[in-house]
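*Asks:* As you go down the protein sequences, you meet chains E, G and S in turn. For the first sequence, the residue numbers in my numbering are 21 to 385. For the second sequence, the residue numbers in my numbering are 4 to 290. For the third sequence, the residue numbers in my numbering are -18 to 271.
Check each hint, because a few of them may be wrong.
[To be verified] Pulled from the structure, derived: some chain G residues nowhere near chain E, Cβ distances all over 12 angstroms:
| hint | residue |
| --- | --- |
| 1 | 18 |
| 2 | 30 |
| 3 | 40 |
| 4 | 63 |
| 5 | 71 |
| 6 | 80 |
| 7 | 107 |
| 8 | 118 |
| 9 | 136 |
| 10 | 243 |
| 11 | 252 |
| 12 | 264 |
| 13 | 265 |
| 14 | 266 |
[Claimed, not checked] What follows is a set of in silico ranges between Cβ atoms, one per label pair, in the way DEER data are often shown:
| hint | chain 1 | residue 1 | chain 2 | residue 2 | range |
| --- | --- | --- | --- | --- | --- |
| 15 | S | 171 | E | 227 | 19 to 29 angstroms |
| 16 | S | 107 | E | 153 | 22 to 32 angstroms |
| 17 | E | 153 | S | 189 | 15 to 25 angstroms |
| 18 | G | 93 | E | 227 | 39 to 49 angstroms |
| 19 | E | 57 | G | 57 | 29 to 39 angstroms |
| 20 | E | 223 | S | 140 | 54 to 64 angstroms |
[Said to hold, decoys possible] Stretches of chain S that chain E covers, calculated by requiring three or more beta carbons in the stretch to come under 8 angstroms of a beta carbon on chain E:
| hint | stretch |
| --- | --- |
| 21 | 53 to 61 |
| 22 | 64 to 71 |
| 23 | 91 to 100 |
| 24 | 200 to 209 |
Derived by calculation from the structure, the hints in this document are not laboratory data. Heads up, the beta-carbon is just placed ideally off N, CA and C, and yes, glycines get one too.
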Amino acid sequence: MNAAVRPASSAPRGTVGVGARRAPRRLALATLAAALAGAMLVAIGIGAVPIAPDDVVRILLHSAGLDVEVDSQQAAVLESIRLPRVLLAVLTGAGLGLAGALMQGLFRNPLADPALVGVSAGAALAASVVIVLGAGATAQLGSFALPTAAFAGALGATALVYRVGHGGGAISLPTMLLAGIAVNAFAFAGIGFLTYVADDQQLRDLTFWNLGSLAGGTWPVVATVVPFVLLAAGAAVLLAQPLNALALGEARAEHLGVHVARIKLGAIVVTALAAGAVVAVTGVIGFVGLVAPHLVRLACGPDQRVVIPGAALGGALLVVIADTVARTAATPADLPLGVLTAVFGAPLFLALLLRMRRRLLAEAA
Amino acid sequence: MTLAAQELSVHAGPTALLEHVSLSLSPGEVLAILGANGAGKSTLLGRLAGERGSPVVRTTGRVLLDARPIESWRPRELARRRAVLPQNPSLAFGYTALELAALGRHASGDDARAALAIAREALRATDAAHLADREVPTLSGGERARAHLACALAQLWDAECDHARYLLLDEPTAALDLAHQHEVLGIVREFTRTRGVGVVAIVHDLNLAAEYADRVALLVCGRLAAVGESTRVLDPGNVEAAFDVRARTLEHPLRPGPLIAVARRSARGVGDRRPPHANRHPVSAEP
Amino acid sequence: MTARITRRATLAGVSGLCMLAGTSLASGALARTATPRVISVGGSLTEIVYALGAGEQLVGVDTTSAYPEAATRLPKVGYLRSLSAEGLLSLRPTLLIAAAQAGPPVALRQVESAGTPLVRGDEEYSYAAVRRNVATIGRALDRDAATVVLAARLDGEWAAATAAVPRTGTRPRALFVLAHTGANVQISGTGTAAHAMLELAGARNAAEGFAGYRPLTAEGAVAAAPDFIVATRQGVEASGGVDRLLQRPGLALTPAGRARRVVAPEASFLLGFGPRLPGAVAELAAAFAA
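The shape of chain E in the complex, shown without the other chains (with noise of 0.2 angstroms):
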């Protein structure tokens, strides 16, 4: 337009330099990427067995079907048990920090996470309901009645979080909120009950599954896991673009042309999908969900099409890191993984927003 002749705030004060300092998309992605196959392969060749690196690469091609000698213990431990656990984490990784995506998105908050909608408090009653209450159900279900109740908790105390916001046609994210502070509250109250009526080794057994362990990572229980991640990827990335117009509010998305109900109700049932499944077989793991998205935001701005899977390629780094930690640290026996990621996880997210805030200050200055 009439630019030449605008005269005050037309002075290019933001041309170079104090524009948002920004890694390239592709190229984060791409680093991301990279960094969680080279965890992985870390993660592969260490562990309380010791196996060289090229008896690792023989293993490997062994179960490819190639014809190579392998020593059949070895094989054992890394087909059989750190395969599965390396996947299950970078499942459980990608599952919560997908999810913590999600919600952050759909609250319009850096400090959401899955927890919010009670997809954690749900999946933890319902697996102490289980430890302390449920001889019957184990004997019935065997090791699949704690998974399978936590999942069921999971979904059931997210519907309720999600029944309580949704009324009129609409649903009042303020209302879900605070229907999931409740539902949270209710979960803690249980599982206070039930720790009082537990004995010992239940006890135990509680502390444990709030730590959260890969140590049930089998193929069955990946097998398991893998379509409800990758329904849930699928889905998320089929949201990112509404969630950014969410970012405007809902009236104004709604203007731009989103759905807005149905986004709302497709970000909650991803995301008890996915941070549900995992959390079921692997217990409470805190600190993904929420660091995750927030690490990719920070480096590469808030593009939810960047966001989300930036933040499923840095839950399962984080996660894959954190556990292979937790099997190394401390051997012949394990750590709890929930220690580790907040261990890992919480300094990292310091920094980052030192950094940050100095880097608002200067933007400021």
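Let chain E serve as the given structure and place chains G and S on it in line with the hints.
*Replies:* Relative to the frame of chain E, chains G and S by itself:
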């Protein structure tokens, strides 16, 4: 092809927010909505935008977009036909101005590259091209307003289009300095001329409205007091009734047309020949 | 002498053959034929391994294995409910002995499917279960002679211990108090190791009408009216001594509290249900008789 309100009434409990408002807008014209605070301007704009409003209000009457009830349009189809700039647009997270403007292309079916290209043009149109890579939360109020306007313009940007389009603006000039107020309304008017977009804008400055609008609508306590050419609607009597002020029209010294001069009702100035018409204005708050 | 030499020669011949058969065999398989490497998960099972004289075969134990003292110097495979399959396998075990409550089940299955034999203990709180565990472990360790000797010794001790428990007269009421964390005190109802110990030692469990553990309440303690309070040494230490333990609301008002009748053996000795069971029963019965 019009965007029309027919006998539109909105009640919140016993309180009438809008009463029997009928109004229509054609592509290519600028309609300014004027009125005091609480006169129902934003409610009217929201209904014209197709918003259902809060569950506690009751709406009767209809809003038709191209002869179809607006609520029967699918969100995406509707978004290709009308864009809205709310009064206080908010944005979560640190999207850049360019990313914000590109969000306007959500319903267009553009790929990312095409959307960004149009977003850049829209930013240029609102004199915000240099802000493209800045994060919106770091912008000043006026800069932010222009970035959000660019988003709304981008939504209706297509040069060729086989259907009518409408742009609804709730106080687009509120955060802007004088020069930018004129510039933004100039852009908007040009948009109506070049792209055949119909514009409804809530404006507080009577002279801005008179200068840039083809027609003005005056809302008083939820009722449409007058609608038509600004010279006819904005006569001193209507202005005094609607805004509870004293008003006179003079000849504008800088451009053709009248200048509406306004002063506080209690302030008695020189040459004031009109006594206050306490019984004429419906929002009498003065003792 | 001759026989021994012959056997050694045979062994050498066999291992030589194994080496010849050799390089293609798994190193784990080789280790299996060489020295046994045993992991024991569960305190009482570890005690049985030592009692059978096979302590030097142990390469790892869980965190509940605290007796004998030699066990505490072995690599720890973690808490018995949260074992790591690869951690266990990294010790290249030729045998895994695991208590009934050891887990998670996935880890045990993985160890088993990697070729390590798994032997499970019996978790019943009875002397018969101790004898069954001795037999199971003795068989798994291939220690027939030692098993016979240990079983005979235990049977003798058990007979002596139970003979000392009075069969007639009113049984004293005893309340077991678990106070490992100091702040939270629990009492044990039916189905617990403590309940079984109290009954075996000739007392009646004063905590009646419920199964498992429950928090101690002041009125509950008074109503239970125990003649003896049974605790563990660790629990008394965590509480800050017998006096402090008796200051808990209610406890001082019980017959046991007034007479300061507190018995507090070491926890694994009292509740372990291992080879020290006869000794524990005898000690407890003696305390009740005093």
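*Asks:* Each hint should be assessed against the structure and marked as holding or not.
*Replies:* Hint-by-hint comparison with the structure:
At the 12 angstroms boundary, the C-beta of residue 18 of chain G stays outside the reach of chain E, the nearest C-beta of that chain being 20 angstroms off. For residue 30 of chain G, the condition that its CB be more than 12 angstroms from all CB atoms of chain E holds, with the nearest at approximately 18 angstroms. The non-interface label for residue 40 of chain G is consistent with chain E: the shortest C-beta to C-beta separation is roughly 20 angstroms, beyond 12 angstroms. Look at residue 63 of chain G: its CB is around 18 angstroms from the nearest CB on chain E, clear of 12 angstroms, so calling it non-interface holds up.
Its beta-carbon lying about 16 angstroms from the closest one in chain E, residue 71 of chain G satisfies the requirement of being farther than 12 angstroms from that chain. Once the 12 angstroms rule is applied to beta carbons, residue 80 of chain G is inconsistent with being away from chain E; the minimum gap is 8 angstroms. With a cut of 12 angstroms on Cβ distances, residue 107 of chain G falls inside the contact zone with chain E, its closest approach being about 7 angstroms. Not every CB of chain E lies more than 12 angstroms from the CB of residue 118 of chain G, the least distance being 10 angstroms, so the non-interface label is violated.
Non-interface call for residue 136 of chain G relative to chain E: violated, since the shortest CB-CB distance, roughly 3 angstroms, does not exceed 12 angstroms. Look at residue 243 of chain G: its CB is around 34 angstroms from the nearest CB on chain E, clear of 12 angstroms, so calling it non-interface holds up. Once the 12 angstroms rule is applied to beta carbons, residue 252 of chain G is consistent with being away from chain E; the minimum gap is 29 angstroms. Even its closest Cβ contact with chain E, about 27 angstroms, leaves residue 264 of chain G beyond 12 angstroms, as expected for a residue assigned away from the interface.
With a cut of 12 angstroms on Cβ distances, residue 265 of chain G stays outside the contact zone with chain E, its closest approach being about 26 angstroms. Distance check on residue 266 of chain G: its Cβ is at least 29 angstroms (rounded) from any Cβ of chain E, clearing the 12 angstroms threshold; non-interface status holds. Separated by about 25 angstroms at the C-beta atoms, residue 171 of chain S and residue 227 of chain E satisfy the suggested range of 19 to 29 angstroms. Between residue 107 of chain S and residue 153 of chain E the beta carbon distance is about 26 angstroms. The supplied range of 22 to 32 angstroms therefore holds.
Distance hint for residue 153 of chain E and residue 189 of chain S: a CB-CB separation of about 22 angstroms, consistent with the stated range 15 to 25 angstroms. For the pair residue 93 of chain G and residue 227 of chain E, the beta carbons lie near 43 angstroms from each other, so the given range of 39 to 49 angstroms is met. For residue 57 of chain E and residue 57 of chain G, the hinted distance range of 29 to 39 angstroms is not satisfied, since their beta carbons lie about 51 angstroms from each other. A beta carbon spacing of about 37 angstroms between residue 223 of chain E and residue 140 of chain S contradicts the range 54 to 64 angstroms that was offered as a hint.
Judged by the Cβ-Cβ criterion of 8 angstroms, the stretch 53 to 61 of chain S is covered by chain E as claimed, because 5 of its residues qualify and three suffice. Requiring three or more residues with a Cβ within less than 8 angstroms of a Cβ of chain E, the coverage given for the stretch 64 to 71 of chain S holds, as 8 such residues are present. Counting residues of the stretch 91 to 100 of chain S whose C-beta sits closer than 8 angstroms to any C-beta of chain E gives 4, which meets the bar of three, so the coverage hint holds. As drawn, the stretch 200 to 209 of chain S meets chain E at 0 residues by the rule of a beta-carbon pair under 8 angstroms; below three, the given contact is violated.
The structure shown violates the earlier hints numbered 6, 7, 8, 9, 19, 20, 24.
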